[in-house]
Amino acid sequence: MFRQFCYLLLAAMVIGCAAQPDKSQSERPEKAPAAVRPATTPLAAQSFYPSTYKVPSTPPTLIRHATILTGTGTRLDGADVLIVDGKIQSVGPGLQAPPNSKIVEGEGLWVTPGIIDVHSHLGDYPSPAVEANSDGNEATAPSTANVWSEHSVWPQDPGFRTALAGGITTLQILPGSANLFGGRSVVLKNVPSVTYQGMKFPGAPQGLKMACGENPKRVYGAEKHEFPSTRMGNVAGYRAQWSEAREYLRDLEDYQQKLAAGGKDAKDAKPPKRDLRLDTLASALKGDILIHMHCYRADEMATVLDMSKEFGYHVAAFHHAVEAYKISNLLAEQGVCAAMWADWWGFKMEAYDGIPENIAFVDAAPGGCAIVHSDSEEGIQRLNQEAAKAIAYGARAGLNIPPERAVRWLTANPAKVLGILDRTGTLEPGKMADVVVWNRNPFSVYALANLVFIDGVVRYDRRNPGVAPESDFLIGQPAAPGADR
Amino acid sequence: MRTLLTVLAGLALASGLQAAAAPAVLIHDATLHTLSSAGTLEHADLLIQDGKIAEIGHGIRAPAGAEVIDAAGRPVTPGLFGGLGRLGIEEIGIEPTVDDYSLKLGAMRPEFDVTPAFNPDSIVLGVGRLGGVTFVMLAPSAEAGGKGASGTIIAGQGSIARLNGAVIPTAHTLFIDVGGDASALSGGSRAAQLMLLQQAFTEVRSPKAFLQGDIRVLTPGGRQALQTYMDGGAPIVFDVDRASDIRQVIAFAQREKLRVVIKGGAEAWRVGPELAAARIPVVLNPLDDLPLSFDAVGATLENAARLNKAGVKIAFSLDDPEPHNIRKVRQAAGIAVAHGLPSDVALAALTRNPAEIFGVGATNGSLERGRPADLVLWSGDPLEVSTLADRVFIQGQAQVMRSRQTELRDRYLQKLRANAAR
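Here the protein sequences line up with chains U and D, keeping their order. So the first sequence is residues 0 to 484, counted in numbering that gives the first Met the number 0. So the second sequence is residues 0 to 421, counted in numbering that gives the first Met the number 0.
Watch out, some of these pointers could steer you wrong.
[As the list claims (entries may be wrong)] Label pairs and their in silico Cβ distance ranges:
1) Pro401(U) x Ala65(D): 35 to 41 angstroms
2) Ala190(D) x Pro401(U): 54 to 60 angstroms
3) Thr51(U) x Arg401(D): 52 to 58 angstroms
[Stated by the list, open to error] With a Cα cut of at most 30 angstroms, we get these calculated DSSO-like pairs of lysine-lysine:
4) Lys308(U) x Lys414(D)
5) Lys415(U) x Lys53(U)
6) Lys223(U) x Lys146(D)
7) Lys285(U) x Lys266(U)
8) Lys414(D) x Lys223(U)
[What the hints assert, rightly or not] If you want the ones that stay clear, here's a sample from chain U, every Cβ over 12 angstroms from chain D, calculated:
9) Lys53
10) Val83
11) Asn99
12) Pro355
Simulated from the structure, these hints should not be mistaken for lab results. This one's a predicted model, so the numbers in the text were calculated from it and none came from an experiment. Even glycine gets a Cβ: it sits at the ideal position worked out from N, Cα and C.
For reference, chain U alone in the conformation it holds in the complex (with noise of 0.2 angstroms):
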């Protein structure tokens, strides 16, 4: 029953990207005349397999009377939340309805913006774990950047489900850890869906993982007495993978210039041949497809500041992190994000030295960028707990960490780190409607999500477990829970 553990040994997830409307080009066809060639080329395949979600329209919806938690660092105590056609329309004391208006009474209530997880695998590890479903990981080869995660998810994993009921909106999938590149991953809206394109994440930029430590040189070292066997050994996979990259890279600007040059140069210019490999790591140097890291060392995590430097690319987030707390003010400085767990550790070598303070610590940094994930089905259902116990343990080592401020590292830096900040992760006017009605302080064993809202619509409600469907694994299953319903 402990599959999280399994995770952990054979870490690579799925990255999968969503469609990034501003480069819906299509790819084009290697023998097309000049005439009609796009103007930018190859790497546009983040507009194939496009978002298929489509927001139902909703009546009006206005919270009132609750303690919201913005996600910018506010805290209202008394305030509504007032949602028209699927948007955060305006969020203070006395707002009036307009006509039709769902009234939701906040008496007593906590309200969040919706819950954003970084690192999942649903879907790609889904329940029941058998081996059929496996799907996480191509731990075929140190490099499969060629690989989206999107690909591998299946949107019938009760899991989704579960975590909604713990208030997740939104979610990264990531490749597994077992591979230096583990390939892309995908952001998916928290909707039920038949396929995943109808829970595809509008707009939302593709991510890269990969991964740091053991994982790699163990399931390739140590399993199968192959490259990298060592800590360097993987630095030096990243490296010859970042440099062919670059040159990919260049390849293609050099064409893209010869085709703007027009004339002969135009007519004689040749794409280099497209590899999919390639595809994604040019696309993370230019910066369309965001870094994930998976690193437990504090050492490591420098070396990677330091390749990304060589490289010119940026780092969106560490994830797993479990010694950010060495290195607080370095991750600060340098703009990276974190992305931890509570309290998990001692699990593996590179997991020894976790503290419980780790996430307030990364926080207290000036600058510093905290973010809780979750790694696992059971963890993604109470992100607001996991952050509870952060709090806890901060305020013993004397860091103060108000719920307002905390609120930020399930909702605003995650948003920040997916690149979807723009569109979710605060309750501010204009943003996607994605809101969490809790039934008291979130930061509580006690709390649970009494409605949650994705783009202005209840998705979930305690009350009426109708509104959230099961999984289709899960009816006329005769031992299921909801069977005697």
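Got chain U sorted already, so can you dock chain D onto it with the hints?
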């Protein structure tokens, strides 16, 4: 001989037998969750003298020289049970030189006992203590062997260990794994699991029924070890999730007159009345709510509440047998409460119930006069995630509230502060 005596003295020290030298401690104005017939006492006092709970009540006077702790209403509970797992027998995961929890000799060896591997100096103990955990059950794991020899469905024996480093020799327990995840340990079918166990127990009952040359599943040592568990002797833990498998185990236990404990029990709520009638307790993880396997299609956050309603005695243990985060079992108990379990039952499932199930009810699991002081003073509601342990006593001894984690914390807190002030 001299060496032996030195060793014995060292062991006595490690087990806290020196408690008599400690000064008395009066915990004043606490909310005492006694987990005894006295229930919960508000604004009450508890006096620890000579390592024992000398008095519980109101208006207790501190003896001369006693340390007085003003609890200011904070709760005191018995020390918590950290579940079934690998404390002191797995320092870190995936490192064979410090992982001693499974035997893979390819043969059924119930005589395998993990307790000699227990390391009282493991840093993991200190982390658990600071989480308010004072006792655990050391449990071996039944594991397939990968490329080498495999384990079998009989994982072996364990016992209760205290987080002061003492192993309790009288609390031995046998661990057996059945169900779909153990099929690889029983020739590919779960149907063979009780068949093999049946043969093992028959070998013990009628050793002569097997003539020389027959294929026996047990060694003479194995037969001797299993004897301890016959006729309602020591408890046997069956790790099992599926309702139909639990029913098979209940029937087997009744046939063989065994004292059985169900571990896991994702679908145990579907068998509640039968378990209650057979007086079989369930050690469950309240966090199990997903069909992680086909044996757990019925997993639900209401498992604990439904079993309690059916009259089944429950205790809590996380699924993960790794010892590092056993403190999380308290959070799991709180989640059971959020899903319908009365909070006094949740507290019992962390203290009194496991102590009784595993035979240490006389020393652990409740606050009663004359017992060794094994208790925790909490900063707030003991089931709340924002609560931490303020003081911990194990078998009469006040524990130093430090661990390798607090050492690391303090070292890097200094750096953080120096930098922030820059």
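Hint-by-hint comparison with the structure:
Distance hint check: the CB atoms of Pro401(U) and Ala65(D) are about 39 angstroms apart, consistent with the given range 35 to 41 angstroms. In this structure, Ala190(D) and Pro401(U) meet the distance hint of 54 to 60 angstroms, their C-beta atoms being roughly 58 angstroms apart. Look at Thr51(U) against Arg401(D): about 55 angstroms separates their beta carbons, and that is inside 52 to 58 angstroms. For the hint pairing Lys308(U) with Lys414(D), the CA-to-CA distance comes to about 25 angstroms; that is within 30 angstroms, so the pair holds.
Under the criterion of a C-alpha separation no larger than 30 angstroms, the hint pairing Lys415(U) with Lys53(U) is consistent with the structure, at around 23 angstroms. At roughly 13 angstroms between alpha-carbon atoms, Lys223(U) and Lys146(D) fall within 30 angstroms of each other, so this suggested pair holds. Under the criterion of a C-alpha separation no larger than 30 angstroms, the hint pairing Lys285(U) with Lys266(U) is consistent with the structure, at around 26 angstroms. Between the alpha carbons of Lys414(D) and Lys223(U) the distance comes to roughly 41 angstroms, so the proposed pair goes past 30 angstroms and is violated.
Residue-level check passed: Lys53(U) sits 28 angstroms from the nearest beta carbon of chain D, beyond 12 angstroms. Every CB of chain D is more than 12 angstroms from the CB of Val83(U) (nearest about 33 angstroms), matching its label as outside the interface. Separation of Asn99(U) from chain D is adequate, the least Cβ-Cβ distance of about 35 angstroms exceeding the 12 angstroms criterion. A cut-off of 12 angstroms between C-beta atoms contradicts the statement that Pro355(U) is not in contact with chain D; the least separation is 7 angstroms.
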